[in-house]
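Assemble the whole structure, with the sequences as input and the hints as a guide.
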Amino acid sequence: MKAPIITLTTDFGTRDGFVGQMKGVILSINPYCNIVDITHDITPFAVREAGLVMKGIARYFPHGAIHVTVVDPGVGSERKHIAVKTYAGIFVGPDNGVFSWILSSAASWEAREIKDETLFMPNPHPTFHGRDVFAPAAAYISAGRNFESIGPVVEDPVVLHCPAPQETSNGILGEVIYIDRFGNCAANIESPMLTHSIREIQVGQSLISGLTRCFSDAPLGTPLALINSFDLLEIGINGSRASEELSVEVGDYVIVRWE
Amino acid sequence: MKAPIITLTTDFGTRDGFVGQMKGVILSINPYCNIVDITHDITPFAVREAGLVMKGIARYFPHGAIHVTVVDPGVGSERKHIAVKTYAGIFVGPDNGVFSWILSSAASWEAREIKDETLFMPNPHPTFHGRDVFAPAAAYISAGRNFESIGPVVEDPVVLHCPAPQETSNGILGEVIYIDRFGNCAANIESPMLTHSIREIQVGQSLISGLTRCFSDAPLGTPLALINSFDLLEIGINGSRASEELSVEVGDYVIVRWE
Amino acid sequence: MKAPIITLTTDFGTRDGFVGQMKGVILSINPYCNIVDITHDITPFAVREAGLVMKGIARYFPHGAIHVTVVDPGVGSERKHIAVKTYAGIFVGPDNGVFSWILSSAASWEAREIKDETLFMPNPHPTFHGRDVFAPAAAYISAGRNFESIGPVVEDPVVLHCPAPQETSNGILGEVIYIDRFGNCAANIESPMLTHSIREIQVGQSLISGLTRCFSDAPLGTPLALINSFDLLEIGINGSRASEELSVEVGDYVIVRWE
Numbered sequence: 000m001k002a003p004i005i006t007l008t009t010d011f012g013t014r015d016g017f018v019g020q021m022k023g024v025i026l027s028i029n030p031y032c033n034i035v036d037i038t039h040d041i042t043p044f045a046v047r048e049a050g051l052v053m054k055g056i057a058r059y060f061p062h063g064a065i066h067v068t069v070v071d072p073g074v075g076s077e078r079k080h081i082a083v084k085t086y087a088g089i090f091v092g093p094d095n096g097v098f099s100w101i102l103s104s105a106a107s108w109e110a111r112e113i114k115d116e117t118l119f120m121p122n123p124h125p126t127f128h129g130r131d132v133f134a135p136a137a138a139y140i141s142a143g144r145n146f147e148s149i150g151p152v153v154e155d156p157v158v159l160h161c162p163a164p165q166e167t168s169n170g171i172l173g174e175v176i177y178i179d180r181f182g183n184c185a186a187n188i189e190s191p192m193l194t195h196s197i198r199e200i201q202v203g204q205s206l207i208s209g210l211t212r213c214f215s216d217a218p219l220g221t222p223l224a225l226i227n228s229f230d231l232l233e234i235g236i237n238g239s240r241a242s243e244e245l246s247v248e249v250g251d252y253v254i255v256r257w258e
Numbered sequence: 000m001k002a003p004i005i006t007l008t009t010d011f012g013t014r015d016g017f018v019g020q021m022k023g024v025i026l027s028i029n030p031y032c033n034i035v036d037i038t039h040d041i042t043p044f045a046v047r048e049a050g051l052v053m054k055g056i057a058r059y060f061p062h063g064a065i066h067v068t069v070v071d072p073g074v075g076s077e078r079k080h081i082a083v084k085t086y087a088g089i090f091v092g093p094d095n096g097v098f099s100w101i102l103s104s105a106a107s108w109e110a111r112e113i114k115d116e117t118l119f120m121p122n123p124h125p126t127f128h129g130r131d132v133f134a135p136a137a138a139y140i141s142a143g144r145n146f147e148s149i150g151p152v153v154e155d156p157v158v159l160h161c162p163a164p165q166e167t168s169n170g171i172l173g174e175v176i177y178i179d180r181f182g183n184c185a186a187n188i189e190s191p192m193l194t195h196s197i198r199e200i201q202v203g204q205s206l207i208s209g210l211t212r213c214f215s216d217a218p219l220g221t222p223l224a225l226i227n228s229f230d231l232l233e234i235g236i237n238g239s240r241a242s243e244e245l246s247v248e249v250g251d252y253v254i255v256r257w258e
Numbered sequence: 000m001k002a003p004i005i006t007l008t009t010d011f012g013t014r015d016g017f018v019g020q021m022k023g024v025i026l027s028i029n030p031y032c033n034i035v036d037i038t039h040d041i042t043p044f045a046v047r048e049a050g051l052v053m054k055g056i057a058r059y060f061p062h063g064a065i066h067v068t069v070v071d072p073g074v075g076s077e078r079k080h081i082a083v084k085t086y087a088g089i090f091v092g093p094d095n096g097v098f099s100w101i102l103s104s105a106a107s108w109e110a111r112e113i114k115d116e117t118l119f120m121p122n123p124h125p126t127f128h129g130r131d132v133f134a135p136a137a138a139y140i141s142a143g144r145n146f147e148s149i150g151p152v153v154e155d156p157v158v159l160h161c162p163a164p165q166e167t168s169n170g171i172l173g174e175v176i177y178i179d180r181f182g183n184c185a186a187n188i189e190s191p192m193l194t195h196s197i198r199e200i201q202v203g204q205s206l207i208s209g210l211t212r213c214f215s216d217a218p219l220g221t222p223l224a225l226i227n228s229f230d231l232l233e234i235g236i237n238g239s240r241a242s243e244e245l246s247v248e249v250g251d252y253v254i255v256r257w258e
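Residue numbers (numbering that gives the first Met the number 0), protein chains in the order written: chain A, 0 to 258; chain B, 0 to 258; chain C, 0 to 258.
Some hints could be false.
Identical copies go unnamed one by one, so any copy, or any two together, can satisfy a pair.
Below, simulated DSBU-like cross-link-like pairs (lysine-lysine); rule was C-alpha separation at most 35 Å, straight line [stated by the list, open to error]: (1) K79 to K1; (2) K54 to K79; (3) K114 to K79; (4) K114 to K1; (5) K114 to K84; (6) K54 to K114; (7) K84 to K1.
These are calculated hints, taken from the structure and not from any lab test. These numbers were taken from a predicted model, which means no experiment stands behind them.
Structure, rendered in structure tokens:
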């Protein structure tokens, strides 16, 4: 029998036992499931960052995997608890936009409010729905709980405004949306948008001529642009941190100019 | 068949392979067990911090889970190796007080010295009992080794002095015992002690009027107090780090004044 | 049935979802395997550091465990993908020297280039062979794929030059090769080389007289030397960070003088 998969993505860090409590709750409800840590190092309260990570990982998991995502600055407020079912898997977390990129990229989806209190720990604590709502709900779903029974359909889950790249007369105007651990800076420009051959790419004061295929194709220390493994235009430097060397932050413009 | 659970809590960090060696030892002895990382980011040598994390996580795990805790500044000295059996689970680690909060909160417990050398790796290294004593002992116990056979009863395991809050004429005088990743500051004041309605809570120069239910109930940037998910009085700030904004450290007084 | 073990050692960090994608790929191919995180906090691009960690952990795992190691500054270049089979296990990663210490310490080994494209994800991305080559190859091997079928034998996998300690007229001249999370500094001097009784050990300006057995045998704050749990001569300080207190870096000389 294959163990059902529950992945965990949070901004809880790993030093405080918060994630440990969630794992305990899950294994107490369904001792047969396979808990997979994605990351607990999302920047605190960074809902967008978590949303991009979720989009990045979901399609690599077996269909039916359950993904728990808890980046939840509004915990305890009136925001809903939701579960979203797509072809790729089931996503469980706060209705604060963390699933924006899952919803916008899915061919179809069904969202439900997690409302049946038999899915919760008794007396859920108002500051820790990760442990008392999302972990147990995911565990019960992994143990066979019917998706339709968890609560009413949510027609309009929260979707964050994602900055869209603009086509200009001679190229594309986009912006940096994610900076990874290596200091590489991904823009909101997906590879299919690069329809012409590129004269140059500008970020801040730096000009980069064309795309390279991989980091090691560029000389050490020189800014480069490539299509990253999430299929986005990325600015990097072979062997160092582009975000620091080029002073790039999330939100900075990335300008592509055609030949 | 449910896999037996072995959790790991250490101050080893994750970059050096120490934890990897412990996992290898465990899986070599009992390949069927489910290893669950709680944290490896306990502040180095911080026995109290690890003790509070253990108390925080243990009751959320299935009964019978085995919890290995290795924060062990005296490794190689004469301190005993112990295992403590409670209703919640079995705790394996150094006898240096790391199980103080498990012992003081358990209805009953049995502690034994891990003395039978068939439970150890051959020639245990004097600087790494995590790998050569605690990991294998936990693995053998998970594989069915009788608890009584591991070694003699320990009547008086080390229990650290925990600062107790004081009742004053018009409130409670406690202190900060734990600061979490978000900079929230937990005091040694459990919610049942809050028997009167609260006029104000003081930490350092900051005065907070009464309790809020959750972070998002307070305005952004304003100090707040709430009962945290460990059932302790906690000082925080919605959207920022109370420990830094209010210059709070472990050991600082927290004063509750009744109305 | 025992779950086949796949360990993961990378410099990807844990915040970006890279490791999550690798886990998804592995579980999509072989949902029965047991994925074990060794570390994702190798210093970025530090092939030697990863190599030392691999040597450190491999012999503690059950025979047949599969170890995926991705520290890969040359990803996308012409460097080969390899798998190395030893008595201890199967090692999967880039042919950049990361398995130097596995190869040099194995009684015998067989290395093969991972060349059969049915082992890859479709269209492997040139910047992420961890996800598109090494993870799936390891998963297929864990699912029973014949080792001989993965590709041709590699006679001469890349082996890094490892600095060798020198015997001098009155001792040994070695150097620091690894500094751990606690600031302890391990030298390239293995315990069997310490054939005479030691008068003193010098690192930088510090002189240490002889070996102690463990940290707690030395007074707090005093430099000490001991044989560490990897069987190497190590410079440390009981209760603080030798690397910082003594200004020690990887490559610094460690001089042992006989009595």
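Original post:
Hints broken by the structure, by number, lowest first?
Top reply: As far as the earlier hints go, not one is violated by this structure.
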